Amino acid sequence: MNILEIKDLQMSFGGNHVLQGLDMTVPEHSVFGFVGRNGAGKTTTMKIALGLLKAQQGEVHVCGEKVSYGATKTNRHVGYLPDVPEFYGYMRPKEYLRLCGEITGLSSRQIKTKSEELLELVGLADVNRRISGFSRGMKQRLGIAQALLNEPRLLLCDEPTSALDPIGRKQVLDILSAIRGQTTVVFSTHILSDVERICDRIAVLERGKLVLSGTLGEIQKEHRRNSYSLRFATEQDAQEFAQLGELQKPAITLELEERVLNIVIEDNSIHGQELIDLLSLKKIVPERFESMEPTLESLFAEVVR
Amino acid sequence: MNHYLVFFRKELMEYARTYKLLIILVVFTIFGMTNPLIAKLTPELLAGVMPEGMSITIPEPTALDSWAQFFKNTQQMGMIALVLIFSGVLSSELSRGTLVNLLTKGLSRRAVILAKYSAMLSVWSLSMLLSVALTWIYTVYLFPQDQVGVAYLLFAISCMWLFGAFVLALLLSSSTLVQGNYGSLLLTGLVLVLLLVLNIFPSSQEFSPLSLASQNLEIAAGKIDPSSMYSAVGVTALASLGLIALAVLMFQKKRL
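Protein chains in written order, with our numbering: chain A, 1 to 305; chain B, 1001 to 1256.
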C-alpha cells in the first residue's frame, strides 16, 4: 500500500515554477530519500502534503485520504520534523511533549509513557533543562520525538541532518533507521551519503519533476553502464591489451592511464565475459578487474546536469 | 474547547517564564503605590522648588487628585507598557515558526486567537485590579476625610479597562494582518492616531473608544453623567468583538 501519493503537483511562487507536475509514490514501511538541490522544491512538497501550502494543481493523498489546504485531518497520520525545528525555549522537553500530546488528544497516561519512551529513544531522557539551552542536534532529536508522539504512519523529515555535526548526524540517522519497522520515513536531503546509509528507496527532484526514482538497487542496475576498470601489473601489459585487435570497435571506448585501463562498452551485446576470455587467451593476469557500479553521486550529477 | 484551554495554559506559562507577567505586574504595582503619594506630595514638592519669597496658593490635595494620577498613569505609561509587552505575542510566534509545528498537529487556529486574547485580557485585568486595589488602600489611608462616589469611580475604572481590552484586540488583529513584530505595533499606533484625529470633531467624541480613556476623572468626579458614555461603551465593546472575529478570520486564511 502507498502511504503517500502525489499526483501532478504544480506550484509556483511569483514567476518561479517550483513544482511542475510532480508525481511520486511512497510505499509503506520504506525509508524514502527525497533528494534534490537546495531550492528544488522539497520543502514546498512537504508543506503541501501537510496542508500548510495550497498547490495550484494536483493532489496529495496520505494513507488514501486526500489532503486539503488549511485542514489538518490527514495530519493525524503524519509526524513532521521541520528543517530547523523551533520550540518554546522556556519549556522543558517533557513539557513540550505534553503540550503536543494534549493537542493531538492523547490521554495523560499515554502522554507520560509515550514521552518517556521517545525521550529514551532520542537520548534525551536525562535532560531536564529548558529547551533554550539545547544544541541544534538536541533540538533535532527532540523534533523527532515530538513528530513520533502520536505514532504516525508517515514521518516527514525536512533535511534532518543538514545542519548537524558528524556525531549529531549519526545520532539522527541511527534513530531514523531504528524506527523504520514502525513507520514510513520520508526524508529530504542533499547529503547523498546519508541516503546511501539508511534509505531503501530514493527519488530525485529536479526542475519541479522527479528525474530518478526507485529502490537503490534498481536505480543502480538501471544505470549500470557496461563499463570495466582493469589494472595491470606492468604498463607493458596494459598497452599490449589495449592494442588488441578484438577491442578496436566503434562501440568500445578505451582509456589508458599508466597501468589502469578503463573500458566503456556502448553495445550491450558485448559482455564482460569476453574481456575475461580475452585475458586468458593472451595469458595476462590483471591485478584488478572491476565492473563499475555507478555511485549515487555520479548518478545525481548526471540527472541534475 | 480543549485546544483553547491547553493553549491558554501555555500562554500563561509563557508570560510567567519569560518575565512578561512580572514586568507588567511590577509596573502596575508601582503605579498603584505612587498615585496617592504623588497627589499628596505635589504641593510640598512645588513649594520646595519655588524661588524664595515667591508664593503660590495650591489647593489642598484630595482623594480625587490621587485618582487623577491613577487615570493619567494608566492611560499613558500603562497603555504603552501593555502594548509593548504584548506586541510580539502572535507575530513573534509566526516569524520564529513555533506555531507551525503545533498547527500541523491539528491545533485549531481559532483556539490560538481566542486563547491568546483571553490570556492577554487576564493579565490586563489582573494588573488593573492590583493597581486599583493599591491606589484605593493608599488613598483611603492618606486622605481619610475625603469621600469619592464609589459607583462613579468604578464606572470610570471599568471604562479604562474596556479601553485596554479594545487596544489589545486591535493589537492582536493587527498582527494577523501585517507581517513582522513591528508591523502590528505600527498598525495599532496608526489606528489610535486616526481616532485622535477624529476626536477633533466633537460629534465623534460621543462614540469614540478614546473617550473611555480620557474622561475618566470627570466621570469619577460626577461631572459627566455615566449615561452619556453608554454609546462609546457600546461602540468599543462591539469594535473589540469585531476585531477578534476579524483576527480569527484572517488567521485562518493566513499562509504560514
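What the hints contain is simulated information worked out from the structure, not anything from laboratory work. Honestly, I wouldn't trust all of these hints.
Chain A is faced by these chain B residues, among others (derived, beta-carbon under 7 angstroms) [claimed, not checked]:
| id | residue |
| --- | --- |
| 1 | Arg1017 |
| 2 | Lys1020 |
| 3 | Leu1102 |
| 4 | Thr1104 |
| 5 | Gly1106 |
| 6 | Leu1107 |
| 7 | Asn1199 |
What you are looking at is a predicted structure, and each value in this text was computed from that prediction instead of being measured. Glycine is no exception: its CB is placed at the ideal position from the N, C-alpha and C atoms.
These are the hints, each one checked on the structure:
1. Arg1017: 4 angstroms, holds
2. Lys1020: Violated - the Cβ of B:Lys1020 stays beyond 7 angstroms from chain A, reaching only about 11 angstroms at its closest.
3. Leu1102: 6 angstroms, holds
4. Thr1104: The hint holds - B:Thr1104 has a Cβ within 7 angstroms of chain A, the shortest such distance being about 5 angstroms.
5. Gly1106: Hint holds; B:Gly1106 Cβ to chain A Cβ min 4 angstroms, cut 7 angstroms.
6. Leu1107: 5 angstroms, holds
7. Asn1199: 40 angstroms, violated
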